[in-house]
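Enquirer: These are the residues of each chain, in order.
2 protein chains.
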Amino acid sequence: MKFGGTSVANLERIHNVARHVKREVDAGHEVAVVVSAMSGKTNELVAWVQDTPKVNGASSPFYDAREYDAVVASGEQVTSGLLAIALQSMGINARSWQGWQIPIRTDNAHGAARILEIDGSDIIKRMGEGQVAVVAGFQGIGPDNRLATLGRGGSDTSAVAIAAAVKADRCDIYTDVDGVYTTDPRIVPKARRMKKVSFEEMLEMASLGSKVLQVRSVELAMVHKVRTFVRSSFEDPDAPGMGDFLNPPGTLICDEEEIVEQEVVTGIAYAKDEAQISLRRVADRPGVSAAIFGPLAEAHINVDMIVQNISEDGSKTDMTFTVPSGDLPKAISVLDANKDKIGFDVAQSESGLAKVSVIGIGMRSHAGVLRRLSRHLPKNPSTSRRSPRRKSRSRS
Amino acid sequence: MKFGGTSVANLERIHNVARHVKREVDAGHEVAVVVSAMSGKTNELVAWVQDTPKVNGASSPFYDAREYDAVVASGEQVTSGLLAIALQSMGINARSWQGWQIPIRTDNAHGAARILEIDGSDIIKRMGEGQVAVVAGFQGIGPDNRLATLGRGGSDTSAVAIAAAVKADRCDIYTDVDGVYTTDPRIVPKARRMKKVSFEEMLEMASLGSKVLQVRSVELAMVHKVRTFVRSSFEDPDAPGMGDFLNPPGTLICDEEEIVEQEVVTGIAYAKDEAQISLRRVADRPGVSAAIFGPLAEAHINVDMIVQNISEDGSKTDMTFTVPSGDLPKAISVLDANKDKIGFDVAQSESGLAKVSVIGIGMRSHAGVLRRLSRHLPKNPSTSRRSPRRKSRSRS
Numbered sequence: 001m002k003f004g005g006t007s008v009a010n011l012e013r014i015h016n017v018a019r020h021v022k023r024e025v026d027a028g029h030e031v032a033v034v035v036s037a038m039s040g041k042t043n044e045l046v047a048w049v050q051d052t053p054k055v056n057g058a059s060s061p062f063y064d065a066r067e068y069d070a071v072v073a074s075g076e077q078v079t080s081g082l083l084a085i086a087l088q089s090m091g092i093n094a095r096s097w098q099g100w101q102i103p104i105r106t107d108n109a110h111g112a113a114r115i116l117e118i119d120g121s122d123i124i125k126r127m128g129e130g131q132v133a134v135v136a137g138f139q140g141i142g143p144d145n146r147l148a149t150l151g152r153g154g155s156d157t158s159a160v161a162i163a164a165a166v167k168a169d170r171c172d173i174y175t176d177v178d179g180v181y182t183t184d185p186r187i188v189p190k191a192r193r194m195k196k197v198s199f200e201e202m203l204e205m206a207s208l209g210s211k212v213l214q215v216r217s218v219e220l221a222m223v224h225k226v227r228t229f230v231r232s233s234f235e236d237p238d239a240p241g242m243g244d245f246l247n248p249p250g251t252l253i254c255d256e257e258e259i260v261e262q263e264v265v266t267g268i269a270y271a272k273d274e275a276q277i278s279l280r281r282v283a284d285r286p287g288v289s290a291a292i293f294g295p296l297a298e299a300h301i302n303v304d305m306i307v308q309n310i311s312e313d314g315s316k317t318d319m320t321f322t323v324p325s326g327d328l329p330k331a332i333s334v335l336d337a338n339k340d341k342i343g344f345d346v347a348q349s350e351s352g353l354a355k356v357s358v359i360g361i362g363m364r365s366h367a368g369v370l371r372r373l374s375r376h377l378p379k380n381p382s383t384s385r386r387s388p389r390r391k392s393r394s395r396s
Numbered sequence: 001m002k003f004g005g006t007s008v009a010n011l012e013r014i015h016n017v018a019r020h021v022k023r024e025v026d027a028g029h030e031v032a033v034v035v036s037a038m039s040g041k042t043n044e045l046v047a048w049v050q051d052t053p054k055v056n057g058a059s060s061p062f063y064d065a066r067e068y069d070a071v072v073a074s075g076e077q078v079t080s081g082l083l084a085i086a087l088q089s090m091g092i093n094a095r096s097w098q099g100w101q102i103p104i105r106t107d108n109a110h111g112a113a114r115i116l117e118i119d120g121s122d123i124i125k126r127m128g129e130g131q132v133a134v135v136a137g138f139q140g141i142g143p144d145n146r147l148a149t150l151g152r153g154g155s156d157t158s159a160v161a162i163a164a165a166v167k168a169d170r171c172d173i174y175t176d177v178d179g180v181y182t183t184d185p186r187i188v189p190k191a192r193r194m195k196k197v198s199f200e201e202m203l204e205m206a207s208l209g210s211k212v213l214q215v216r217s218v219e220l221a222m223v224h225k226v227r228t229f230v231r232s233s234f235e236d237p238d239a240p241g242m243g244d245f246l247n248p249p250g251t252l253i254c255d256e257e258e259i260v261e262q263e264v265v266t267g268i269a270y271a272k273d274e275a276q277i278s279l280r281r282v283a284d285r286p287g288v289s290a291a292i293f294g295p296l297a298e299a300h301i302n303v304d305m306i307v308q309n310i311s312e313d314g315s316k317t318d319m320t321f322t323v324p325s326g327d328l329p330k331a332i333s334v335l336d337a338n339k340d341k342i343g344f345d346v347a348q349s350e351s352g353l354a355k356v357s358v359i360g361i362g363m364r365s366h367a368g369v370l371r372r373l374s375r376h377l378p379k380n381p382s383t384s385r386r387s388p389r390r391k392s393r394s395r396s
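Protein chains in written order, with the numbering used here: chain U, 1 to 396; chain C, 1 to 396.
The shape of chain U in the complex, shown without the other chains (with noise of 0.2 Å):
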């Protein structure tokens, strides 16, 4: 069970997430929970954190990142011993856990690591005597024997790594939303809540603007076959159904063995404030791509769709990409600056644009679905999606 910033925020909601938890220990389940830090909190020790150097008229905002997990670490190990006294004192047998004492394991990728190994036989051990574990979530150590975050929404990761190392039959991420949507239900009312989405089509979605999972446990949950309820964690514990533990009000996302019927469309995701830029005339030659998206990537520009046009007379061509609105100012004079070595005539560009992906793993064996969704758009969409990933398992 993982429970976010949200669900976490306040003394009596640490009180409802333990009713949660109790319910399953109630029938019977061995739990491990996975807890996120009060919302807010890491904000204002990240802020700490950033405004440390300035305070001391440092001419440069660099901080290290080891003292940043150090820092932001905290924010987890107080919600983990908090539910567990909350626990205990409803009588229930608990045991907070840091990334450290687990272990957990990770690379040395500071602000950002990657869990590499997690000894599940201590809390194991403890969940068969009856104990439930609270692990504090986004973080873990390091090979330096520091502590070592995950990023921002690691907690839904280390979530799917405990239930892979305890080898949980699920992993109910508890959120502030009851599910997965079609798609957003803010802007389209007619969304609904799916009852289950595959790994693939959810790792999509997860990538694509749809915040209710973050990608990196998607990809976890896929690599290790976890299945993942998304369920809310602000319904009341007791109410009818949410104890049903087949059955259960949320959606899960599983292998697509378990989905008897493929939709040829599973859901719509959408990002807004994206820009997109046009080389014009660039040199079609071997290495011209890196020569572009190299010094992109190097000053932390995301690139997201590229389209390269078929060149005409065999050496030039155009390139097309998206970058996000805020940095396509950035990105423009990193591209003017590199404008000799890369070789282009012109770059041409335009911000506010939107992106729409269609995701559905029945589009493999289906046409025609682009078609009926340009005609749905106010305009036709500028560029088509080009996923190098997963490009083979789904398309958008």
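Any given hint could be a false lead.
Same chains, same label: a pair holds when it works inside one copy or across any pair of copies.
Unchecked claim - Pairs of lysine-lysine residues, derived as DSSO-like cross-links and limited to a Cα-Cα distance of at most 27 Å, are as follows: (1) K22 / K125; (2) K54 / K41; (3) K355 / K341; (4) K272 / K341; (5) K22 / K54.
Hints are computed from structural coordinates only; laboratory data are not their basis.
Fit chain C to the known structure of chain U by using the hints.
Expert: Chain C in isolation, oriented as in the chain U frame:
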């Protein structure tokens, strides 16, 4: 160098602390720093721990001391990271250390743990390479591999213990006063700052209400002969004399051998809100002390001065002792409940008393101090103190 909660209360003050550290580093010293949590932070965390069972409607305010420690220790984790960043942004090589990373090994008495052993090898090595060690105070790791805090004011103890472990020339305790005074300067304007105080004298002053240093830290300094300097963190770090290594502004607490001219009276300490209890006509037999003080100890009542009259007829005596005023009603009811077992005539009590203690190694070879003292008190002290622990070293 140790900095308490008021010295690291916000980013500006952490910056000021970093300047104190920089001054010492620039002077060529190898430095380890111990920090407390931001002032108010520990109280907030403790309140959360205590309120959690209440929110849950638990019948008792019980909470697990191990989880208390996990929550409360997070405060020092934050300040150690922030100070490391502040130092780094001034160009100083620095690294934070949590209790479990060094490690500082404690016993299992969570919430009031004692330090058993510190492995200083890692930080000594780093300090030799020019790196400042920024250590989270107030905490270590217990034999159960869980965070253990040292009890309130424990950061002083951490500092002295770290100083002993790294074989420091000196332990500088930076605090919100600029040294140890002959008595409370808010009451006696003529009070003056002492240049040197012996460990024994400081221990008496610390036990007797002077809040400059925590008692256990002075005991530890005495055992390990750690020369400890009490000095102000709020003075300008670069003011004249602040970097004077041999003679900085403040009070040195050291072995009495170092104090050439021993004053008859070094200082005067006081405690308010004391109450006195006299048990009349107690049977003067072995075991009667245990019968009286055992039940009081079980009720967590801290008995201070104990005076037993010489029994006149060889069978009955009077026992007089003091307790904090606030505990007087509880103490009386405990005594009444055990009246038959103890065997006394009547329990008389008086509250609203103050205790004045006169401290000085020189009293060992000097008579007449109590007579002079009593001339200066409005009324004669109604009880005189018997200090079983150190009555041979100092007298009050």
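Enquirer: Could you check the structure against the hints above and give me the numbers of any it violates, in ascending order?
Expert: As far as the earlier hints go, 3, 4 are violated by this structure, in ascending order.
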